Structure formats: structure tokens, C-alpha cells
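Based on the sequences and whatever the hints tell you, model everything.
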Amino acid sequence: MFLNKNKVFDLLVYFISFLFFIALVILLSGIFFKTSIYLFIKELKNAGLWDSIFLSFKLSFLVVIINLIIGIPIAYILSFKKSKISFLLDLISTFPLTTSPLVIGFAVLITMGSLNPIGKFLIERGIKFVFTPKGIVLVQLIITFPFFVNIVKTSFDSINRKMLDLSKTLGASSFDLLFNLIVPLSYNGIIAGLAMSWSRSIGEYAATQMVSGVIPGITETAPIEVFVKTSYGNYPAAITIACILMVISLFSLGIFKYFSYRTKTTVY
Amino acid sequence: MKLLEIKNIKKSFSNKNVLNGIDLEIESGEISSVFGYSGEGKSTVLKIISGILKQDCGDILLNGKNINNLESYERHTALVMDEPLLFPNMNVLENISFGLKLSSNKKRCVKRLTGSKRMLNSPKEIIELLGITGLEKRYPAEISMGQAQRVSLARSLIINPEIILMDEPFSNLDIISKIKVRQLIKDINQELKISILLVTHDIEDVVNLSDKMFILNDGKIQDSGHPKEVLKKPSSIDTAFLLGTENILDGVIFEIDRDNNLIKVRIKVRNEKIEKGVIIEADFQGNFEIGEQVFLAIRPEEIIILREDRQASKPVRENRFTGKIISSIFTSRMMEITVKSEDNLEFKVLIPFHAYEVMNLFEGKTVNVSLKKSSIHLIKKKKYLGHNSDYNRYYKL
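As they're listed, the protein sequences go chains A and B. The first sequence begins at 1234 in our numbering and counts up one residue at a time. The second sequence begins at 75 in our numbering and counts up one residue at a time.
No wet-lab data here; the hints were simulated from the structure. These numbers come from a predicted model, not from an experiment. The C-beta atom is built at its ideal place from N, Cα and C for all residues, glycine as well. The reader is advised that the hints may include incorrect statements.
To be verified - Label pairs and their calculated CB-CB ranges:
hint: 1; chain 1: B; residue 1: Asp-261; chain 2: A; residue 2: Ser-1407; range: 34 to 44 Å
hint: 2; chain 1: B; residue 1: Ser-86; chain 2: A; residue 2: Pro-1417; range: 35 to 45 Å
hint: 3; chain 1: A; residue 1: Lys-1314; chain 2: B; residue 2: Lys-76; range: 30 to 40 Å
hint: 4; chain 1: B; residue 1: Gly-318; chain 2: A; residue 2: Ser-1316; range: 56 to 66 Å
hint: 5; chain 1: A; residue 1: Ser-1316; chain 2: B; residue 2: His-300; range: 39 to 49 Å
hint: 6; chain 1: B; residue 1: Asn-142; chain 2: A; residue 2: Gly-1359; range: 45 to 55 Å
So, in C-alpha cells, the structure goes:
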């Protein structure tokens, strides 16, 4: 028969996938039709626009670096020190993924505010998180570290435990293990995790908005700028920034996908 | 000199006792092996010695020093496992030199250079010794299993460990690589006088390699000694079974004649009372009493099938039985024959294939077999004493 059951199945699967895919592309690229090339290029030359983008880059770079420093120890505990506590730690480190970013931002705003004992204690010592870039880094860290930790943990999980045990008997201490074996064998996972957390950080809006106070040039990141420009009715500027953000996330997603595919295809 | 002493090691996993008090003593420069069924906790012993697992109780002494509280990396007991487990991110040379760049070994190598043992310190020397020259730049995925296992061995040799612990190192190798690696281990032991503790479920490995063997059964060391001795004279019925002594007969000591170096055993014939049993003579063995219940063990390769065309020499005339070949199976090296005697006794016999051909043996043929006195080993039946209702009747014999 020309159309057997399996061919019908394939057709259906492809049809549904492509239909949704085309709808998504039309929806997202729709913003391009609201402006003209002339206006787009004019906006690209606007220095204020680049300020917000550079600020986003700067802050997300910091977030990524902090992620690297705290994320590897957390992933190490989750992957290698399995116990009752690690379940709790796993829960906590995945919690921000499922919570509304707005709530996280709100929590930081309240905790770090001058009315809260913790916030008061820190503010008295000159450490201010509310309405400062520091606050933005803090909330973005909370939101992005689960991505990094989970990707790195998966990568750690795939390392042969017997091999690690054997290398201990060759004289390798935990430090030697981490720097000579675990990290080198997880490069792909670590880079994929960094790309993912960077991408998430640069596009973060809700939580950032809560603590930023929207001060132009200081705490106004690119996604906030999109919202601000839209509320003023300055569509060409908003569209331009939105386009740049989309290109950035497409690029970093590309990095993530490339390296996470490599993690899966490299057999250890 | 005693290198490693293990005293009363116990270990249980989630309420299942795996080791119930293990005692081992390993001499410096020897190859020792722990033999036992799969899943008896042999690997656990090695993991405890190397510090990967902590024992529930008991002591481990290395060179007379208690190492209970040392971490794996401080013990210098290198482990070689059934898989090569090479580091996939390093090439062969980097794999071998791994131990050299670790700080725990750097301090130590210098300290031990004055020792009498020949030391291997450069990767090049080791690569030559193990015959893996030319592979240095290759990655683990690009070499064969046998080569990888040698690299794994080289990787542990370079740190000059106190002892190398081998966990079934041949189980994943084909028969040719297996023989080669076995020989290699023998050579290394002789050349470097390095102590090796081997864990295996293959009796061939034990007999081929080791100076001393330990039999691990039921979470305890049941037997130990030189493999040839243990193989010929297992101290318990469990050990005899484990070692593949298939001819085990039930009997009672009938007569002890110390002067003539003789001990006679009456063997229970199937479905008959003991009084009607046949008598088998063995060389005198100590500590038996008349009337004592024993097991009589003889290894299948020690039983002789008499040739019809030749006059039998004196020893082969001992303990003669006439019987029929009821089955003959061709195993990889030998013919495994089962002979059923007229008294209904069954003997497993192993003979070389060419002998089987020359003697024109076949299933159903009637043959004469002989059990050499010197190859018969008697095992005390302690465990069953008192439990057996027939015991008293046996005793009165």
C-alpha cells in the first residue's frame, strides 16, 4: 500500500511540528514589520540604546563568573556526595526554576530593604542591594544558578565512578580529582551551562525590574529598556533592542546546544 | 617480611553481612590471590584495603603500621580493575604519567629511592617493560582491550606502590591476551619484586600466578596456603567443591595402619547400607579415628583410566574399579568423562584428548579406573556430626 500506517504517522508528526514552528517564526518576526530599515539603523546609532545593552553584558558577565565559582562546588556535592542533605540541596537549587522570577525579585527587594533587619544591617555598612547593579547581579544569580548547576551536575554524573575510585588509589586527592579529571572531563557541560546561564541572565526582566528601580545608565538593562521604550510609545527603539536581544539569545543557545550535544556524544 | 596484615575485617551492606571477620597475611614480594565464588565480597576486600570503602570493624596493617585512618590517596595501594578505566581525556603516555604529577607521590618517590627494590621511575622504562612501545600518543579509545589493560598496569606501577591490588584483571580479556598479561604479571613480580594481591574467580589464574592463595567463602577465609597444596588437600567440603574437586565420596574410616602408611575407608554405595560399601585405600593422613565419618576427595585429573594393552604399574593397580563410560564431553582442552562403576559409584575423569583417541574410548565402553593412594584426600565431616541420624550406626562399625 502506498500509505501504510508508519508513513501516516511520520506525516502527522512532521505536519504538527512544522505548523507550530512556522507559527512561532511568524509570531516572533512580526516585530520586524512594525518598523522600517531606516528607523532601525537610526536607532542602532543611538548611544543610549547601547548603554543598556552594555550594562546587560557587564552584569551578566559578572553573574556568569560568580556562577562558575559557586556552581561547581554545588554540582560536585549534588553529584558526588549523595546523602539526605543533598536531596534538600537539590530541591533548593532547583527551586528558583519553578518559582516566578517576580516573586524572587520581590523577596530580594523586601529582604534587602531598609525596613528588614538584614537589609538594614547591610545598608548601615554601605552595602546596598536595592536599586543598584549589585541587586541586579544578586537576583540574576539566584535565577540563573539552577541552570548552571543542573547542567554541570548532569555532566558530572556521566563520569565513571570506578575510574575515579581507581585514580584515588594512584594517589589522587580530592583536589587532584577535581582539577585533573572531573573538570577536564566536564568542559562541554560547563561551557553549555555557562552559555545557558548567560543567556538567561541577559534576557531576565521580571526579577531585575523589581530591584533595579529603572535608573537610566545605572540599572536600566536591555530588557527593561524594551519595556520602558514601549510604554513611551517609542516602538522603533524597543524593536531594535528586542532584535538585538533575540540575536544574542539565539547565539548563546547555539553555543549551549553545540556543547550539550558534544557531552552526549562523547562516551566516557 | 609481612607486608600486609588484615585482622578481623567485617563489612555489611544494608544489613547483609558480606565479610564476617577476614584475616589475611601477605608476604612482601609475593603474589597472593583471593579465590571465591562471584558475589562473595572479594572485590570488597580490595576496596577496603585500598580505602575506597571503610570496614565496619577490624584493622589493616601495612608494613606494621595501622592504615585504618588513612585516605585512599595516602595508602599507596594501587588498584587495577577488570576494566582498564583509562582516563579518556589523556593519551597513553599521559595516562601512565598521571601518578607522577600528584603531590602525594612526589614526596614519597624520593623517600623510597634508597630502598633495595628496583625502582621504575620513568614512563619510558615502564612502557618498554610492558611492551606497549609505540602507543604513547594514542588515546584510550584507539587501543585494544589487552593493550589498555597493560596501560592500566603501567599507570599503577609508575607510582611504586607498596602493593598492587588486582580485581579480576583478566576477566574481560580474550584468551590470548589473558595468557600474555598473566605472563607479564609474573615477569613484573620477578623483576621488580613488587607484591601483588589478586582477586579472581578463575582457578587457572590462581594456580598459574600465585605463591599463596586464600579461599573466601561465606564471608570468611576458609583455607589458605600454596595453591597446589590447597587444591590437593582442601580442608573442608565447601572448599573442595569450590575448587572443582568433583569426585567427593561419603565414607567412614575403616582401618588405620600407621606403620604401612595406610588408611582404609569404607565408601557408601548408592542406596545401600554402609556395611556393604566398598573399601578404598589411601595414604595415611593424620588426625582421623576409626569409625569417623569423612569425605573422600579425588581430583578428576588424578584418576587414571587403565590401558588394556599395557601391564599396569604398581601405583595404578591401587583402588581399581571396573565401570562403564556413561558420558564423555569435549571441553576446550580436555575430555570430561563420567565412569559408572559396577558398585554404582560415579567418577569424573579428565584426560587429554589425544589419550581419549589413542585408547579408543567411547560412551558405553567398559574400562578399568584406578585411584592412586597418594592422590586421595580425606576431609573431616565435622559439620554433619550429630545431625546425621545414621551416625551412631556408622560408629559401631
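Taking the hints in turn, this is what the structure says about them:
1. Separated by about 35 Å at the C-beta atoms, Asp-261 of chain B and Ser-1407 of chain A satisfy the suggested range of 34 to 44 Å.
2. Under the hint 35 to 45 Å, the C-beta atoms of Ser-86 of chain B and Pro-1417 of chain A, about 37 Å apart, fit the expected range.
3. At about 36 Å, the beta-carbon gap between Lys-1314 of chain A and Lys-76 of chain B stays in the expected band of 30 to 40 Å.
4. Taking 56 to 66 Å as the suggested C-beta distance range, the pair Gly-318 of chain B and Ser-1316 of chain A does not conform, at roughly 44 Å.
5. Look at Ser-1316 of chain A against His-300 of chain B: about 45 Å separates their beta carbons, and that is inside 39 to 49 Å.
6. Hint check: Asn-142 of chain B to Gly-1359 of chain A, Cβ distance near 52 Å, so the stated range 45 to 55 Å holds.
Checked against the numbered hints given earlier, the structure breaks only hint 4 and satisfies all the rest.
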